[in-house]
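Chemist: Here are the chains, one letter per residue:
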Amino acid sequence: MKPLAMTKLSLKSLFKAPATVAYPAIPREYFTGTRGRILIEPSTCNLCVICDVRCPTKAIKVDRKGQTWTIDRLRCIQCGACIEACPRKCLSNENRYSDPVTHKETLTVPIPFVPPAPKPKPATSAAAPTPAPAPAATPENSDAKDRPV
Amino acid sequence: MTRNFLAGFAYLLLAPVIGALLAGVDRRITARMQGRRGPPILQPVYDLLKLMHKESIGARRTGHFFVLGHLVFMMAAGFEFFFGGDLLIVIFAFALSSIFLVLGAYAAHSPFSHIGAERELLQMMAAEPILLLTAMGFYIANGSFRVEEISASPVPALLWLPGIFAALAFILTIKLRKSPFDLATSHHAHQEIVKGLTTEFSGLSLAIIEVTHWYETIMLLGIFYLFLAPYPAAAVLLVAVVYLLEILLDNTSARMKWQWAMKSSWTTASLLGAINLIVVYYWLGVQP
Amino acid sequence: MIPEQVIHDIEPAALRERTAAYRRDGWRLVQICSTTLDVFELSYSFTRDDRFEHLRLRLPLEGAQVDSITEEYFGAFAYENEIHDLFGIRFDGLKLDYLGNFFKTSVSKPFATSMCVVTGGKNNG
Amino acid sequence: MGERTVIPFGPQHPVLPEPIHIDLVVEDEHVVEAIPSFGFIHRGLEKLVEKKDFHEFTYVAERVCGICSYIHGMGYCQAVETVMNIQIPPRAKWLRTFWCELSRAHSHLLWAGLLADAFGFENLFMQCWRIRETVLDVIEETTGGRVIFGSAKIGGVRRDVDNDTLKRCAVKIASAAAEFEELKKVFRDDYSVKQRLCGIGMLSRDDAWTLGAVGPTLRGSGVRTDTRLEGYAAYNELKIEPIVETACDSYARCMVRMHEVTQSFDLIQEIAARTPEGPVFEKPSGYPNGEYFARLEQPRGEVIYYVKGNGTKNLSRFRVRTPTFANIPPLLHMLQGCELADVGLIVLTIDPCISCAER
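Protein chains in written order, with the numbering used here: chain A, 2 to 150; chain G, 224 to 511; chain R, 1125 to 1249; chain S, 9 to 367.
Treat the hints as calculated values from the structure; they're not laboratory data. There could be a bad hint or two in this list.
[What the hints assert, rightly or not] Within a straight-line C-alpha distance of at most 25 Å, the following computed DMTMM-like cross-link-like pairs (lysine to aspartate or glutamate) qualify:
1) R/1233 <-> R/1191
2) S/60 <-> A/73
3) S/59 <-> R/1191
4) S/175 <-> A/73
5) G/480 <-> S/36
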């Protein structure tokens, strides 16, 4: 039994630098492996729809006809199932969380994939697994209309 | 006389300002003791301004009236004190002010505020005897209840009344609503009775309670100043040390239950005060 | 060592007696679980030292009813109320009966049918 | 004899961040009767197993709880693996154990902070959470998530952690452990803490046993039990001694958890040093057919995962009996005749997680 057993620790903390940071002003440092948000490299995607099928929360929608790849960031649970499943390695994980939003919106990325001529040839050279920079895409609101598969 | 009035009015004007800054510093130091950065020093002022803009929700209007009484009598007590008036009147007005807050809590039909009010009454029972002992102590040491005369005395009261000083420091914890005595209402609503006494106040009423608390803090610290009144610099230092110790105690103690609050204040603090009083009484040989 | 899991198939009528025996021998009730197949399959799990055993009984889907074991293990009231609210099985002699208010579900007896999918909900994920 | 008042406690209450509601009938400050109600957040997660592929369901299982999430995912995987007769690689077993102990340390530290907050000790609360932050950092560094690890997978683990990272984490944990010892002393010795905990919320050994208490609640009443002794994952290669206190009060339950944090910190460092090399995943084939009751030790106590497969990609039944669910009857027993000021504290000593109790 000790009265005021916390005195030493309190005084020590008082003269030490605080453990917290002024968060939004000073950004937090993430770890390399932090599961932040999913990025896509549109140039390597071939609209194979595997990520759409494998996503456990149905956050990803791939429109083959319209040639777009759409993600609902609020549905995404950053599990990385799509990254693991992608055969062309065009999906990657950025170790930064997606920005806070005031209303729900989806991010649609146009995919400039040209389907190969009648005789398809497996493309292997283009699979570069480097972390892709932010895609040149314009976020736009799109209703969740019909989705393929 | 003019000087007295000036001091009184200065209190009415400056006490909320100094009180707010003190609360800001308090929050900052508390945060640092807890390993946090803490809010800006002016945070209590921002909080107050925000509260004033918020809707005041209350089932009964009488609550607002009682809160106003709480403020007015607190201001009266502080005015009387800094005016240099009678210490007994100061203590009675102060008690009345606290009673108004309890009545305000009872006016709402909420079990949380009712239990908070009950606990506040218990805490007042724990604190009031010591406040009276303090007044008696000053009287025995200086032969007067008047603050003006006490502060003019060349011998610091602390010399005669160390026991009463300690007991009063004990009471300050209750009045500042700091751990271990934050059981009626605490500065944050993490309590089994939510925010106890002040659960049912919101908006402007809550803002008034907050301002009253600043008036209260400054007046109580004024009493501590009185213990070393002949040496102003030392007195200010004393007040600062007392306040810092309060912050430290707040951060090194759990919230106790009302039984413990009653027991400790009536045994430890009252005993300390009473013994001090008796010793001084015979030492000075019934001077007055 | 992870213990062998012994499942004893019993008749619903024998439940109280078997449970009382476990109680006498100092076993702890671990859980009660119900599964909807073509019948309700109830499993009562008990443990003592490094042993882990289950009583298994089957009840019809319509008008399922079984004795409560709250007499032997008072703590079973939580499981029995849960199963009552989710599966609609009635427990006779339940010592602390919430009368169907233990879980507040939007659909009554949601687990009573297998593959029951509540359609019309917005969230299909 | 005072007037009787009914005080509503929860489902939203500042002391208790859990949606449980208790009507407290009090006379002055004495609780005469406590009537609990549950079921505010029944989500029917167990039912979802009939719609989700059994691999995908791992993600759902992890989300049964936000604090002990990893062990939920892992327990589900372990149950399915037993049904499918899969032997997971040793390195995966060790990594799972590593994350299990991290979960335990972070859950207990979180709890310690909440308890300190319940008895009004704000500084202690903040300091507990400060140390917990180091544990969360280690979790984030090794799994990528802070509370939802997302690392469990049927057949192993989803990501490997290289040995350098493991070593680095062990060092971080060692420094957190040293800081924690200082805090533990406050919980153990401080006068005001002992005033608030000793003799409060008594649960005798017999009551704990017959009412079905599990985990620290049971161990705090003097029963030597710990599901880790069964030796799932890599626990068969580690020396585990259950921490038992015999005082049967809130203080005993608190000290059990305090010592368990130290134990977890030691285990984490041992695991980081001993994890063998090798693959971390073995691809399962086929669909589960059969049933199994998996038993694991959550921070809050023993947890049961029941899995019944029918040879298709959807399981026919998944059931989880969380430790909180088992600890509710003992809680009701403890609340009878307590003081109003102790209610929040007693509820916290079972470390309630109502969301996972209702699933």
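Chemist: Each hint: holds or not?
Modeler: For each hint, the structure was consulted:
1. About 19 Å separates the Cα atoms of residue 1233 of chain R and residue 1191 of chain R, which keeps this hinted pair within 25 Å; it holds.
2. A C-alpha spacing of about 20 Å is found between residue 60 of chain S and residue 73 of chain A, which places the hinted pair at or below 25 Å, so the restraint holds.
3. Distance restraint check for residue 59 of chain S and residue 1191 of chain R: the Cα-Cα separation of roughly 32 Å exceeds the 25 Å cut-off, and the hinted pair is therefore not satisfied.
4. Note on residue 175 of chain S and residue 73 of chain A: the hinted pairing is violated, with a Cα-Cα distance of about 37 Å set against a maximum of 25 Å.
5. Annotation: proposed proximity of residue 480 of chain G to residue 36 of chain S holds, straight-line Cα distance about 13 Å (limit 25 Å).
Of the hints listed earlier, those the structure fails to meet are numbers 3 and 4, in rising order.
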